[in-house]
Amino acid sequence: MKPVVFKEWKDYTPGNPSDAFFGKLVAVAAVAVVGLLSAWYMEHHGHWVTGMNNQIVWGMPHVFAVFLIVAASGALNIASLGSVFGKTPYKPLARLSGLMAVSLLAGGLAVLVLDLGRPDRLIVAMTSYNFKSIFAWNIFLYTGFMVITGVYLWTMMERKMNSYSKQAGMVAFLWRLALTTGTGLIFGFLVARQGYDAAVFAPLFIAMSFSFGMAIFLLVLSTIYESKAFGDFLMFKMGRLLGLFVAAVLYFTIVQHITNLYAAEHSAVEMFILVDGGIFTALFWIVQVVAGGLVPLGLLFPMGGGLTRGRIQLASMLVIVGGLAQVYIIIIGGQAFPLVLFPGMEVTSSFFDGVVNGYTPSLPEVLLGVGGFGIAGVLLMAGMRAMRILPEDLSDKAIDPHYTE
Amino acid sequence: MSEINRRKFLEGLASTTAGIAIAPGVLLYTTQAKAAVEGVSSAVRWGLLVDANKCSKDCNACVTACSKENGLVDNGRPTTDPQWIRKVDLKDKKTGKETSLPMMCQHCAEPPCVDVCPTGASFKRVDGIVLVDRHICIGCRYCMMACPYKARSFVHEAVTDQKPDIPRGKGTVESCSFCVHRVDQGKSPACVEACAAKEGAMTFGDMNDPKSEISQQLAKYPTTQIRADLGLDLGVRYRGI
Amino acid sequence: MGTKGKIRTIIAFFVFVMALAFGGASLVVAADVPQPVTPKGKECVRDAAFMRANHMNLLKHKRDDTVYQGVRSGNDGLKDCVTCHAIPDDHGKPVGADDSRHFCRTCHDYAAVTMDCFQCHTSKPGGVSK
Chain H
862 MKPVVFKEWK DYTPGNPSDA FFGKLVAVAA VAVVGLLSAW YMEHHGHWVT
912 GMNNQIVWGM PHVFAVFLIV AASGALNIAS LGSVFGKTPY KPLARLSGLM
962 AVSLLAGGLA VLVLDLGRPD RLIVAMTSYN FKSIFAWNIF LYTGFMVITG
1012 VYLWTMMERK MNSYSKQAGM VAFLWRLALT TGTGLIFGFL VARQGYDAAV
1062 FAPLFIAMSF SFGMAIFLLV LSTIYESKAF GDFLMFKMGR LLGLFVAAVL
1112 YFTIVQHITN LYAAEHSAVE MFILVDGGIF TALFWIVQVV AGGLVPLGLL
1162 FPMGGGLTRG RIQLASMLVI VGGLAQVYII IIGGQAFPLV LFPGMEVTSS
1212 FFDGVVNGYT PSLPEVLLGV GGFGIAGVLL MAGMRAMRIL PEDLSDKAID
1262 PHYTE
Chain X
376 MSEINRRKFL EGLASTTAGI AIAPGVLLYT TQAKAAVEGV SSAVRWGLLV
426 DANKCSKDCN ACVTACSKEN GLVDNGRPTT DPQWIRKVDL KDKKTGKETS
476 LPMMCQHCAE PPCVDVCPTG ASFKRVDGIV LVDRHICIGC RYCMMACPYK
526 ARSFVHEAVT DQKPDIPRGK GTVESCSFCV HRVDQGKSPA CVEACAAKEG
576 AMTFGDMNDP KSEISQQLAK YPTTQIRADL GLDLGVRYRG I
Chain G
645 MGTKGKIRTI IAFFVFVMAL AFGGASLVVA ADVPQPVTPK GKECVRDAAF
695 MRANHMNLLK HKRDDTVYQG VRSGNDGLKD CVTCHAIPDD HGKPVGADDS
745 RHFCRTCHDY AAVTMDCFQC HTSKPGGVSK
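Residue numbers (our numbering), protein chains in the order written: chain H, 862 to 1266; chain X, 376 to 616; chain G, 645 to 774.
These are computed hints drawn from the structure, not numbers from a lab. Treat the hints with care, as some may be off.
In the DSS-like style, the derived pairs of lysine-lysine whose C-alpha atoms are separated by at most 30 Å in a straight line are [what the hints assert, rightly or not]:
#, chain 1, residue 1, chain 2, residue 2
1, X, Lys443, G, Lys686
2, H, Lys952, H, Lys1258
3, G, Lys768, X, Lys538
4, X, Lys443, X, Lys562
Just need the whole structure built from these sequences, with the hints factored in.
What follows is the structure, encoded as structure tokens:
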């Protein structure tokens, strides 16, 4: 294999008009700005202008934030495959993988922080810790991930440090596993709610991160590169990998629901999600399982006809949509189902005891969530322009060790 | 800068530094002096016993008293308006037996809200009262996710004209405080006082003191902790459910 | 310019900025400082110079004592501040922190320091601890 040549985005314009970068940057930055304005609106008026309330305390911002944070650690997969597992074809993409991981995490964290009741007290969150809280642990896991991935990027990009990149990659890989475990346990440790309180959330979130991160990575790559410079060999390889990850998510989803069904006290919440939960049931079967799971599997492991780039791109989009639905079901669905305080009793009160809690997201909170993608995009694009992140040539000739003309 | 001005400035600097140096000592002294006569003690465990047999479905006195005492304003938005205490009506699905009772923060000995709070704003006083230190609450609402009793409210909109003893503000989480400002002055919570004038279904007192009325009742009658399966050792106990 | 020269320039600039800052600080003592209305009592819990520099530390100390230890006596809590330092409006009623005449506001506006207290605490007189 020839040595890989990395370029800043401004140097990389095969077939692209010269303003491609700034056009895209403006579009992405607009999404981010709209998100920031939404956050300002929400903070200025207070959270009553959102769909969130005392029953559904975490809403759309948290759905997007958790999705982005989970996807962030997944975006690092490609780098790990190259550095830690020695899969040479992925090595040229390691830099982009690391940068994307940091960007997505920053986007997700920004949404999380901007939704706080007191975002002005971020400094308190940084200085005052309760180490019994998995949330406090996550603050270290997130900031640590940024630092470690930053160092990892440095070892990859600074020639003198290249010999350490395998070790740095290993630390980053272990750290991202810890990070996703921590994120999953934010829900897994909630003993109070029927829909959570399960350790399976840790591996489930890890599988989700593999899948979501890979899907985003594939879509970003196909947006940046035209097909001549980004060959089928690499694309199909990653597509099949995505298929494996999608299967893993489906597997852990089945485990999650089967374990919950096994406990008689949790059967009601399972009935709610799987059978008669209205929007949640529809989202679960139609969007998460079929559109975000089975259809991508069919596209990525086709029975008839071969794998195509279009199929991989479609599958990636479906995985993202299905993933957002999955996080929505976990976060909102888990809160919508009423807390069981008096088993065997019909419960009524002025505080919505015993009823399924409704949630109608307002526009600002959705825009804040989407804004997280914008913030991640701006960071990613700035990084790609300032640093030599993008390999010049990802064609089969450059990547495939068994390439023949 | 003139000579006099500079000297003044330096003097000011010196006295400020000295002041800071002295201040902690002075303050520490005064605090200790006070703590001898007032302040919380871990020998006490405040508790509340609710006799659901006496609680009538139509009575809302405890809720009204709480809102009045704590300055909880009804903004006409039931999903976001705070409720520190609420009346819950139960109907047994098999027997049809109806019960009514007040629900509020159960002041757990092992509070999940305290475990999950990232900054330590959720805390338990040594006398068992679970509170939010609003000074370091960042409004993440993880405690509301963790509370098995839906006892907590998030302040969804700006608050004005608070009661001097009940600071409340937008963007922080709050819940029943057992009227801690009253308890510290030797009084019982507002709901208990209001209930005493109507149904007399609530008994407040020190669960660690075997001579207190609540301890004697707890010793005499079978009582229930809601979601006892969680093993949280609640400060609020119920009779007749 | 060599490295030495650069360092010299930086030092000179630093000295200049510090001189400006301290010179300015000493000047404002004589200049247009807002004079808050004298409160009702004869004297504050500490002398005025100390209070000016350290009131926030006293308040923070008292706040933690009250929140965590239930210490509610003494005359050095925020409730006592806003009661003793109450400023009447045109109708003789005490103004809140939303009014620029409020005792705390007069200085804080001048010093451009945000007050967090009154986002939660009332800024008007009310209960005073015994």
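Each hint tested on the structure:
1. X:Lys443 / G:Lys686: Violated: Lys443 (chain X) and Lys686 (chain G) sit about 35 Å apart, past 30 Å.
2. H:Lys952 / H:Lys1258: Answer holds: Lys952 (chain H) to Lys1258 (chain H) is near 15 Å, not above 30 Å.
3. G:Lys768 / X:Lys538: The given pair, whose Cα atoms are some 10 Å apart, holds under the 30 Å limit.
4. X:Lys443 / X:Lys562: Measuring from Cα to Cα gives roughly 16 Å; hence the hint holds.
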